[in-house]
Amino acid sequence: MITVGLDIGSVASKGVLLSPDKKFFIVLPTGWSPRDVGKQILSNLLMQAGIEQEDVDAMLVTGYGRVSFNGAARTVTEISCHARGVAALCPEARTIIDIGGQDSKVISINENGKVLDFAMNDKCAAGTGRFLQVMANTLGMDVGELAASEDPSVTVAINSMCTVFAESEIIGLLARGSPKGGIIAGLHQSVGKRVATLARRLGVKEKIVFTGGVAQNAGVRRALEEELQSRVFVPAECQFTGALGAALLAAGS
Amino acid sequence: MADINVDQFANIRSVALEKILDKKKEGLKVVGIYCTFCPQELVLAAGAIPVGLCGTREDPIPAAEEVLPRNLCPLIKSSYGFALTDTCPFFAFSDLIVGETTCDGKKKMFEIMQDLKPVHVMQLPHQKSPFSFDLWVKEIRRLRSRIEEVLEVTITDEDIWKAIDLVNREKELLKEICDLNQMSPPPIRGIDLLTVTWSSGFSHDKEEVIQMMEALKNKLESIKIEPEAAQKPRILLTGCPVGLGSEKVIRLVDELGATVVAMENCSGYKTLELRTDRNNDDPIVALAEKYVNIPCSCMSPNPYRMELLGRMIDDFKADAVIDLTWQACHTYNIESYEVKKLVKEKGLPFLHLESDYSSSDEESLKVRIEAMLEMTKQ
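Protein sequence lines, in the order shown, are assigned to chains C and P.
If you're matching positions, the first sequence starts at 1 in the numbering used here and goes up one per residue.
If you're matching positions, the second sequence starts at 1001 in the numbering used here and goes up one per residue.
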């Protein structure tokens, strides 16, 4: 059986193609058209696998752009897809922390990968990838460079939750001569604290698995581990767990 | 689900408005009320029409924010905004406005509202001790005098008992209609149920609305229930008041393929078990007893709400519970912790939503509701 899972997120869109003997992964920036990027990912996956669309037995779309992608595909929310994807990669997982572009969410799952409860951040950007992206811009950096540039030994606490206020706060800190590495560590700590509170509302159980684009940032992982006083695991496919879950659910498994 | 036409109920507001316009010159009196805690029986006993003024629409909120803080619940802002912008004819027609101290926000808003029109504020006790009950009885007596004074009428005990009978009958009927949704599939959609329960609060003629309810009940009872057609997850909605204009969560649940079978909120089931005791010697004490039992989150503690919710979950065979809190409604927001415990003990998915009257968060609400519905199907 060949199945495809697409996860059209606010910043990045991910695709996974599962065939009996191989897995294919693709990520592209979502841009302004979630529909077009979905098609693009699908055709790239088909090309990589060397097959035609007719060869795909089932497809499922998730992520905020799931509705706009009308490829006669079923849609399922990212909550169920992340749960399924993480359960496949790491059966011992009981708590999933997913931080994406505009959402952060915590999902409790049981030994069968069943969703027991979930919580998502409210409307604002605090504790999401967007927060880090805006702060990286203020610091004149790329968001991908943040983790390598942090210096937790001189962490400067960032007190503003609001992204706009936090930006002003950083400008003030830079003007006062605070070390850049310490400010970056403070930003990671801010995201970590925010999401850890969300997680504790649900009740944190080990093993904790961290996914989403922000899981690629080792600084946020470090901050989460400090806040939760627990190890946090990041699978190599951390950005693809939603799409992987979608591909697995498409297969009916 | 059969297609039930509730247009007649949806039209109650406009019909009532016409009637009031017509008869205002002949001396018809209107009393605007903001909350289910107001003993509407006293208004009816005075021969006046009680109308609900509680704001359920977003339109006047920007105007209200010129006076009130932004970080206040949308219900209070909407209620004040309608008064301030003079866009609610029922407010304009009211000879007397009655408010209650259900929360700090409303209490302070009513002070400012006095600049627009006299507001009679009832001091509502937030617990059921004997001392606070005495206060509540006195407050209801004070309301009686105020209505008599402003409307220039005498309210006899006999008039109050008649009104009590009428309201008891209306609540009984409404409860019977709501209870029909214990069947599977439910005979009436959540949004239609809201239209019936919410709109009847605007009626100019209780007898007429009771007849309409009886007809609706008969119609619903005549629907042939086909249990095998029941496929949609059954949602119990609880939390802050919802009316037409602020029904987005009910609509989204429907769009996502589930159905709201019951609502434990002010416009829904919250007050429907409560009757005024006909055997009491004093109608005012009888009213006080009924109203002090309303399980609003402003009551502390509030065990009856949990008891009621527990029974409703079982009786309506709920598959999941959504607790809707309007932003900055601290008491419902905090009490959500207890609701969650109760629902989790029942082993059901629970979703606490915090929102306002705008449509800005509909996409994120959808994801949450949809994910909860997926949990019911796992």
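Because the hints were derived from the structure by calculation, they are not lab data.
Keep in mind that a hint or two might mislead.
Said to hold, decoys possible - Listed next, the in silico DSBU-like pairs over lysine-lysine satisfying Cα-Cα at most 35 Å (straight line):
1) P:K1341 to C:K207
2) P:K1224 to P:K1117
3) P:K1341 to P:K1175
4) C:K114 to P:K1206
To be verified - Far from chain P, some chain C residues (derived; all Cβ distances over 12 Å):
5) T62
6) Y64
7) V67
8) V76
9) I79
10) D103
11) M141
12) G144
13) S160
14) R201
The beta-carbon is built from N, C-alpha and C at its ideal position, and this holds for glycine as well.
Hint-by-hint comparison with the structure:
1. P:K1341 to C:K207: Given pair P:K1341, C:K207 holds - Cα atoms ~24 Å apart, limit 35 Å.
2. P:K1224 to P:K1117: violated (51 Å)
3. P:K1341 to P:K1175: Cα-Cα ~26 Å, so holds.
4. C:K114 to P:K1206: violated (50 Å)
5. T62: With a cut-off of 12 Å, C:T62 comes too close to chain P, as the shortest Cβ separation is near 10 Å.
6. Y64: Non-interface label on C:Y64 violated, nearest chain P Cβ at 7 Å vs cutoff 12 Å.
7. V67: It is violated; C:V67 is separated from chain P by about 9 Å at its closest Cβ, not greater than 12 Å.
8. V76: Violated: least Cβ distance 6 Å, not greater than 12 Å.
9. I79: violated (4 Å)
10. D103: For C:D103, whose nearest Cβ neighbour in chain P is about 8 Å away, the distance does not exceed 12 Å, so it is violated.
11. M141: At roughly 29 Å from the nearest Cβ of chain P, C:M141 sits farther out than 12 Å, so the non-interface label holds.
12. G144: At about 27 Å from chain P, C:G144 clears the 12 Å cut-off, so the statement holds.
13. S160: Holds, since 17 Å exceeds 12 Å.
14. R201: violated (10 Å)
The earlier numbered hints that this structure contradicts are 2, 4, 5, 6, 7, 8, 9, 10 and 14.
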